[in-house]
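The lines below spell out each chain.
2 protein chains.
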Amino acid sequence: MSGLTVALDAMGGDFGPQVTVPASVQALLQFPELKVILFGDQSAITTQLSLLNQTNHSRLRIVHCEHVIANDTRPSQALRRSQGSSMRAALEAVSEGTADACVSAGNTGALMALSRYILKQLPGVDRPALVSAIPTQNETKTWLLDLGANVSCDADTLFQFAVMGAVLAEQGHVTPPRVALLNIGEEEIKGNDLVKRCAEMLAESPDINYIGYIEGDQLYSGKADVIVCDGFVGNVSLKTSEGVANLFIGAIKGAIYGNPLKRLIARWLFSDLFNSLKQLNPDQYNGASLLGLRGIVVKSHGSADTTAFTNAIGEAVHEVKRQIPTKISDRLEEVLLERHY
Amino acid sequence: MSGLTVALDAMGGDFGPQVTVPASVQALLQFPELKVILFGDQSAITTQLSLLNQTNHSRLRIVHCEHVIANDTRPSQALRRSQGSSMRAALEAVSEGTADACVSAGNTGALMALSRYILKQLPGVDRPALVSAIPTQNETKTWLLDLGANVSCDADTLFQFAVMGAVLAEQGHVTPPRVALLNIGEEEIKGNDLVKRCAEMLAESPDINYIGYIEGDQLYSGKADVIVCDGFVGNVSLKTSEGVANLFIGAIKGAIYGNPLKRLIARWLFSDLFNSLKQLNPDQYNGASLLGLRGIVVKSHGSADTTAFTNAIGEAVHEVKRQIPTKISDRLEEVLLERHY
Chain A
1 MSGLTVALDA
11 MGGDFGPQVT
21 VPASVQALLQ
31 FPELKVILFG
41 DQSAITTQLS
51 LLNQTNHSRL
61 RIVHCEHVIA
71 NDTRPSQALR
81 RSQGSSMRAA
91 LEAVSEGTAD
101 ACVSAGNTGA
111 LMALSRYILK
121 QLPGVDRPAL
131 VSAIPTQNET
141 KTWLLDLGAN
151 VSCDADTLFQ
161 FAVMGAVLAE
171 QGHVTPPRVA
181 LLNIGEEEIK
191 GNDLVKRCAE
201 MLAESPDINY
211 IGYIEGDQLY
221 SGKADVIVCD
231 GFVGNVSLKT
241 SEGVANLFIG
251 AIKGAIYGNP
261 LKRLIARWLF
271 SDLFNSLKQL
281 NPDQYNGASL
291 LGLRGIVVKS
301 HGSADTTAFT
311 NAIGEAVHEV
321 KRQIPTKISD
331 RLEEVLLERH
341 Y
Chain B
1 MSGLTVALDA
11 MGGDFGPQVT
21 VPASVQALLQ
31 FPELKVILFG
41 DQSAITTQLS
51 LLNQTNHSRL
61 RIVHCEHVIA
71 NDTRPSQALR
81 RSQGSSMRAA
91 LEAVSEGTAD
101 ACVSAGNTGA
111 LMALSRYILK
121 QLPGVDRPAL
131 VSAIPTQNET
141 KTWLLDLGAN
151 VSCDADTLFQ
161 FAVMGAVLAE
171 QGHVTPPRVA
181 LLNIGEEEIK
191 GNDLVKRCAE
201 MLAESPDINY
211 IGYIEGDQLY
221 SGKADVIVCD
231 GFVGNVSLKT
241 SEGVANLFIG
251 AIKGAIYGNP
261 LKRLIARWLF
271 SDLFNSLKQL
281 NPDQYNGASL
291 LGLRGIVVKS
301 HGSADTTAFT
311 NAIGEAVHEV
321 KRQIPTKISD
331 RLEEVLLERH
341 Y
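First to last, the protein sequences are chains A and B.
Quick note: the first sequence uses the numbering used here, first residue 1, plus one each step.
Quick note: the second sequence uses the numbering used here, first residue 1, plus one each step.
You may find that some hints are simply not true.
As the list claims (entries may be wrong) - Which chain B residues face chain A? A few, computed with CB under 8 Å, are given here: (1) 41; (2) 235; (3) 245.
These are computed hints drawn from the structure, not numbers from a lab.
Fair warning: this is a prediction, and the values are worked out from it, not measured in the lab.
Glycine included, each C-beta is placed from N, C-alpha and C at the ideal position.
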């Protein structure tokens with residue numbers, strides 16, 4: 001296969017082929033130039049394809065893999081026992097050039113570890129970062145990184161995250177992207193040393209449109225296009241957001257479900273509201289990217305449904321078309337040269 | 001004055017006496033045993049009292065202070081220039097025993113620094129923590145700390161936070177409080193060293209009902225009564241929550257305001273929903289406590305309105321009645337003795 005080929009770990013996530021196969025078919029419809037290789041259990045995949053009458057899709061092929069990396073496998077174990085797994089085979093397809101990107105809804109830690117092992121980092125990248133677009137109240141996107149791949153970072157790593165995030169935002173047509181550091185707001189306690197050091201580095205870099213600190217309550221304000229933090233803080237803040245969103249969505253659903261009349265009236269009253277809420281639905285933004293590797297790897301939510309997983313494939317297609325790894329590599333080289341001379 | 005006396009920094013916050021004075025009057029109505037001392041500009045306070053026809057309230061007195069600590073004053077400056085300020089005078093009233101607690105909506109950093117300077121820490125406390133109750137989906141409360149007083153903590157400090165938070169939760173009638181550490185969820189990246197070390201300490205302590213890690217999306221689940229994290233993470237997650245809540249509240253308001261008919265129908269049909277949403281309003285939970293001091297200090301949101309500031313005074317009253325500092329001191333002594341022998 002050649003052209004725009006995506007290697008899918010068909011077995012990953014909570015639903016495996018039940019979601020990954022219909023999502024592949026949907027993505028193939030959506031992107032006429034796309035080819036898909038499904039890595040996983042041949043018979044489970046074929047069963048799903050027959051249900052959809054797609055056993056002979058010309059742009060889809062299956063590579064049978066004997067095993068699957070479980071969700072509770074530790075990364076170190078995953079590395080040792082990954083041979084022949086659907087996740088590893090999909091990543092190897094990227095490293096060998098058979099595919100242009102890999103998408104998996106499997107074990108995040110294993111995906112990180114295997115991606116680093118098989119694809120390696122780009123020059124100038126200490127650690128790959130997990131990045132995702134989050135919705136904003138102006139209906140724009142903000143790229144938030146790191147989302148949990150790196151629990152402790154130094155200022156150099158955060159700086160690299162800023163550069164990589166900016167490249168991604170630029171390719172989403174935001175020029176020049178406004179880059180902010182996530183920080184806490186009180187004057188006296190304005191950040192820890194890590195954030196302060198990285199702020200200095202960003203302020204000195206002419207290639208980065210650094211706009212300063214941003215606080216948690218401005219995460220969804222659309223005031224920044226790229227927000228940088230360490231993986232611990234990023235993961236907590238993203239998950240906290242999901243928790244609060246679910247609280248609200250739960251309250252709204254509780255108020256209207258079970259009562260068809262209320263539901264009808266609610267739909268009439270709140271059609272705009274429901275549309276805005278849909279914008280805030282994390283599924284819309286499914287597909288976190290591992291940035292900084294010599295290849296494109298997109299991580300889907302484990303609980304993704306078909307639409308959400310299709311969005312993750314769409315993210316991979318977008319990154320292939322935009323040649324994100326090359327652009328990151330070029331930009332890092334420029335920025336780092338500038339810093340040293 | 002004797003009995004239950006609260007010293008109020010009448011000048012703090014975005015609105016000063018416009019909010020602190022009516023809130024005092026409201027609190028005096030609510031708590032018949034309460035006495036209030038208002039520290040601040042005599043004439044500004046009197047103006048507000050006359051508007052409310054309360055210039056001669058028997059349980060309220062004014063102590064004139066010449067100056068106010070501005071919101072942008074750095075803590076180090078605040079310490080040097082605090083003499084004669086309303087915030088410092090209110091704290092001194094507590095240290096001298098004229099008042100039982102201090103409430104301020106002023107500069108958080110200055111309040112922290114002055115509290116430590118004037119009141120001092122309890123024995124066994126390395127650093128005071130800022131704690132607040134957050135709402136949960138079961139309509140219980142969860143105490144979250146630290147909320148930004150300490151940007152970098154060691155495991156001992158987090159451990160002390162857990163003990164102090166548990167004492168506060170117990171006095172809110174939760175026995176024995178379930179204590180959790182805020183962490184990130186992926187297996188391989190399960191927390192940084194700090195969290196892991198503190199987890200060991202908590203697990204070994206028979207006095208603490210430690211239930212393990214909790215992720216950001218479970219912050220509002222009601223699964224824990226006390227959630228412990230460092231001040232950077234706590235501040236970001238609390239502010240992120242506010243941001244997301246405002247996004248939803250904004251969307252809901254946008255959908256029904258400006259259309260009186262929709263508003264009427266919405267209020268009639270969805271009164272339960274609006275009540276639940278009210279529960280999620282941060283004002284309901286206004287009043288973060290500085291725990292670990294030899295005295296009670298409650299910090300109100302700077303933007304608090306009268307109801308919210310009254311809630312902060314209520315929190316101070318509650319802590320005085322429950323003798324929180326003494327209980328924290330006793331508990332810390334027990335727990336630390338146990339750890340060392």
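Outcome of the hint check:
1. 41: Violated: closest Cβ of chain A sits about 23 Å from residue 41 (chain B), beyond 8 Å.
2. 235: 4 Å, holds
3. 245: 6 Å, holds
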